[in-house]
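Once you have looked at the hints, place chains B and C on chain A.
Sequences listed follow chains A, B and C, in order. FYI, the numbering used here numbers position 132 of the first sequence as 152, with every residue one higher than the one before it. FYI, the numbering used here numbers position 186 of the second sequence as 194, with every residue one higher than the one before it. FYI, the numbering used here numbers position 58 of the third sequence as 402, with every residue one higher than the one before it.
Treat the hints as calculated values from the structure; they're not laboratory data. Treat the hints loosely; a few may be bogus.
Covered stretches of chain C (in silico footprint by chain B; criterion: 3 or more residues with CB under 8 Å from a CB of chain B, positions within the stretch not fixed) [as the list claims (entries may be wrong)]:
{"id": "1", "segment": "466-474"}
{"id": "2", "segment": "481-492"}
{"id": "3", "segment": "556-569"}
Taking lysine to aspartate or glutamate and the EDC-like style, the derived pairs with C-alpha atoms no more than 20 Å apart in a straight line are [what the hints assert, rightly or not]:
{"id": "4", "chain 1": "C", "residue 1": "LYS548", "chain 2": "C", "residue 2": "GLU590"}
{"id": "5", "chain 1": "C", "residue 1": "LYS593", "chain 2": "C", "residue 2": "ASP477"}
{"id": "6", "chain 1": "B", "residue 1": "LYS508", "chain 2": "C", "residue 2": "ASP500"}
{"id": "7", "chain 1": "C", "residue 1": "LYS593", "chain 2": "C", "residue 2": "ASP500"}
{"id": "8", "chain 1": "C", "residue 1": "LYS593", "chain 2": "C", "residue 2": "ASP444"}
{"id": "9", "chain 1": "C", "residue 1": "LYS548", "chain 2": "B", "residue 2": "ASP505"}
{"id": "10", "chain 1": "C", "residue 1": "LYS548", "chain 2": "C", "residue 2": "GLU483"}
{"id": "11", "chain 1": "B", "residue 1": "LYS508", "chain 2": "C", "residue 2": "ASP352"}
{"id": "12", "chain 1": "C", "residue 1": "LYS548", "chain 2": "C", "residue 2": "ASP560"}
{"id": "13", "chain 1": "C", "residue 1": "LYS548", "chain 2": "B", "residue 2": "ASP500"}
Ideal placement from N, C-alpha and C gives every residue a C-beta, glycine not left out.
Letter by letter, the chains look like this.
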Amino acid sequence: MIAAPAAGRRHVDAQVGLVIFLGATAMLFAAMLLAYAIIRAQAPAWPPAGTPPFPRGAAAANTLALVAASLALRRGRPRAAFGFGAAFLALQGVLWRHLVAVHLGPGAGALGEVFFALSTLHALHVLGGLVALALTRARRPRLHALYWDFVLAIWVVLYVAVCLL
Amino acid sequence: MSGGEATGPLEGEDSSEAALDPTGDEIQRAPTGFLRRYVFSLDHKVIGRQFLFLGLAFLAVGGAMAMLIRWQLARPGVPVPVVGKLLFGPSGGVISPVAYTALFTMHGTIMIFFAVTPILIGGFGNFCLPLMIGARDMAFPRLNLASFWAMFAATAVLTASFFVPLGPPEAGWTAYATLSTAIGAPGPGQTLWVVAIYLNGASSVMGAVNYITTVLRLRAPGMTWFRMPLTVWGFFLTSILNALFVPVLAAAMVLLFFDRVLGTQFFIAGTTPGAGGDPILYQHLFWLFGHPEVYILILPAWGIVGDLLSFFARKPVFGYRVTVGALVGVVVLSTVVYGHHMFTTGMSPLLGESFMLLTMIISVPTSLIVLSWLGTLWRGAIRFPTPMLFCLGLVFTFGVGGLTGLYLADITADMYLHDTYFVVGHFHLIMAAALLMSLFAATYFWFPKMFGRMMSEGLGKLHFWLTFLPLNVVFFGMLLIGVQGMQRRLYDPSVYDFLKPLLPLNQAISRAAFLLGAAQLIFVLNFFWSLARGARAAANPWEVGTLEWTVASPPPHHNFDRIPIVVHGPHELGHPDARPLGRDWLAQTEVIPEAPAAAAPPAKPTEPA
Amino acid sequence: MHIVLPRDASLDGHLVDGAIGYLTATTGIAFLAALAFLAAALVLHRARAGRTWGHHTHGNRARDRALMFAVALVLFVAVDVTLALRTTRELETRFWRYPDGDPSALRVEVTARQWAWTFRTAGPDGRFGTPDDVLTLNELDVPIGRPVYLKLRSRDVVHSLYLPSFRTKIDAIPGATTRAWVQATTPGRYEIGCAQHCGVSHYKMRGLLVVRPEADYAEWLARAETDSLLRQDPAAPGEIGAWNWETGK
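In isolation and in its complexed conformation, chain A is listed as follows:
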């Protein structure tokens, strides 16, 4: 067996490792969604009686920031991606403040709590992506792109599951 050039081989190693890590992260969100499904299945009505309407539009609008971050990475613009990612976090912060104000925050009923828990955990992963971009100075752009696509996909899944369904 001829050894592949070490650098190229290490790149594949990193890809494999990242995919395994994303698999583990997917299990984290899957478990959270399972918890949501069980809570929802047991509730007499969903959303629970007295829950104010969820601001779907605002949450959907934030998606654009993540899409932009993903696209920017694919176009080889890590700085722009960083900006869009940070903007997403800021917009989520605004959304959470709004949710707390309209009684959809923690301690104010199951729907708000589920969204809050899932979106917080998601935001931490966005933050992790930003830190990684900064620390590695966007080396290995394909790995970063994969990670941000994953973060976008998770967001879309949890938006559909919690806000639309």
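Using the frame of chain A, we list chains B and C on its own:
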């Protein structure tokens, strides 16, 4: 477990630090500074030793807690001798109910998450995996470093939980909601517990990503899947389970953290039924992780014992492929049986019966594994050094532990035995007895490779007998006490009239436990004495063929001068072709010599002109 | 070693003891057989002068595999399958056949809290929420010969109602209703325990199950109703009586 921890350290090493060997592989130079060499090392062998020492230290702490628990059950309300005044001063040296509850909570937490996990998976996994597959290090050395320090941070947080207002966590190692929420545990101790478990899980996932990638990508040429030692299979499959199910535990911890800190109600039932959360949801998440966790810990032990039985029986593993298939089967089945922990929660009949049947099906691959052990020993030329004694000890204790699991898989018997000492005895036979046997076997076996010195055989054998015999008295005793109805986690069983006659048996168990505890001092003595004064170890003192024994003891920083080329399976013992060499084994790299007449002169590397 | 299980005072407890006995016999035989084989191997095939070489086989021939699978399958059928069939039958004909349609069944609402049991019995009219309800703390009184149908709730954390002399236990869970049924055969006083760790005083969460012949029970009931009327505080119902026993909601 945020993304930063993964993407950052996934980067490889700077090539400026590396030299190249003739095949184009880089060889890391050993760092020279003290910190880089011993504290923040990237070398899997150093990180493995760090995990080993951390785990052994916590094994001692968790073991000491077990001694205190046994004291209380043997002499309820009597001050603890020697250390009582120091530990339980305010109650005059007597273990209070609060202290007792904290003790069994922390004993379980420490033993599972902070002793056995770091020793077996972090310690031996790290040390053995790259060496056994012929790699120079893990795929991601920095991630490996991060994994150890995440574990270290977790131990710091856990330790801190002892010293906060309202006391240490008291919800048991399973931390069932709502006892673990603000309803049952208002203090910050339980919150720190949640954080510690989360960090511990982060460490495990980082390790899992590393181990899986390493096995997938860094196997030496010729190290095919079915030439991997069973030990490697054990660590590989364990890592897969870790990567899949530790995140489920993490989800439970995240939700519990929100419930405790932010006032959400995921695990807290609302005032009207159906509104709010569900305490049983916690149990689902916990056992969805918790049952695979049993296999996460036992798979490496099975792997190690599978290899070692073959090595010391001087005979190949009997049915290697069947065993590998059985290990994979256990991994698959382990994901769908967790419900047997919850038979008494009133689950639906269909669900209950399904979980019962699925659990019982696990006995098929498990029997295959045991049959492979027995088949390996049969017609061997069995040697009995210390590691072999511990392996045989595992065969015995695992047999009893595995079979008693059937009682708890059976819904009828479980209605009576659930949450009694029968459960405690059963899972200790697996999680304590069998795992201790495997990690002692591993220590005696790989100590020469890790530290370059042999451990004392005399002290080792004494340690085995003084461990094996009392250990079985302790856990058999627990089974007997359980079948007579004694519940778990009782501060003072004599509150119940029907448990009063069990005091003598409890005292016998405690006496055996103290003997067991004291016997571990022999191990400590042997360990440190051998570290300083043990006989120098040869490269291959056990005369076996796996790759770690083809290099010096301890191995050089880069493990292999040349990446080995593997031509055999790991268990070529009693091999007829080795006869001309005057020994009974072939190394995995060894090309079988032709008949002497046809022997070609060894190929000499030709210098380029 | 003398092993004494708590005295069985129930109609179906012997089924549990039977399952345990069956398991002990079958797994015991399997274990002893394996142990005998192991001992034989260790003695006969230990390394010694004249036995320095192990037999070189990988056990990968079809014959070897067939042998392993055959032994594993025989064990599985002999122990697991027979046990599962037996247990499924018993669950479906006995333990899970709740006396919903049996008017003679004694209906009991069990409320667990840290660290006590409250039992509310429906009284002679068989209905909850009527003045003849009987409320007792840490003591449950039942007649022999009639099914006792328990439905449980918890007010704080998870508890588990454990009746060692009836060979059963069932969790009491906040926000959910669980159920179990037993039938007493022998008069006497039997202990009730909590089996699920429920906090510091878990060990003190003990109760008594008092089994009386039907006539004695009727006499006790008449007395207890008066006591219980005095004890009940309709202004502070809490969890007790706050839910419909029949539907569990």
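Quick rundown of the hints versus the structure:
no.	hint	verdict
1	466-474	violated (count 0)
2	481-492	violated (count 0)
3	556-569	violated (count 0)
4	LYS548/C to GLU590/C	violated (30 Å)
5	LYS593/C to ASP477/C	holds (19 Å)
6	LYS508/B to ASP500/C	violated (29 Å)
7	LYS593/C to ASP500/C	holds (17 Å)
8	LYS593/C to ASP444/C	holds (16 Å)
9	LYS548/C to ASP505/B	holds (12 Å)
10	LYS548/C to GLU483/C	holds (14 Å)
11	LYS508/B to ASP352/C	holds (17 Å)
12	LYS548/C to ASP560/C	violated (29 Å)
13	LYS548/C to ASP500/B	holds (8 Å)
Comparing the model with each numbered hint stated earlier shows that hints 1, 2, 3, 4, 6, 12 do not hold.
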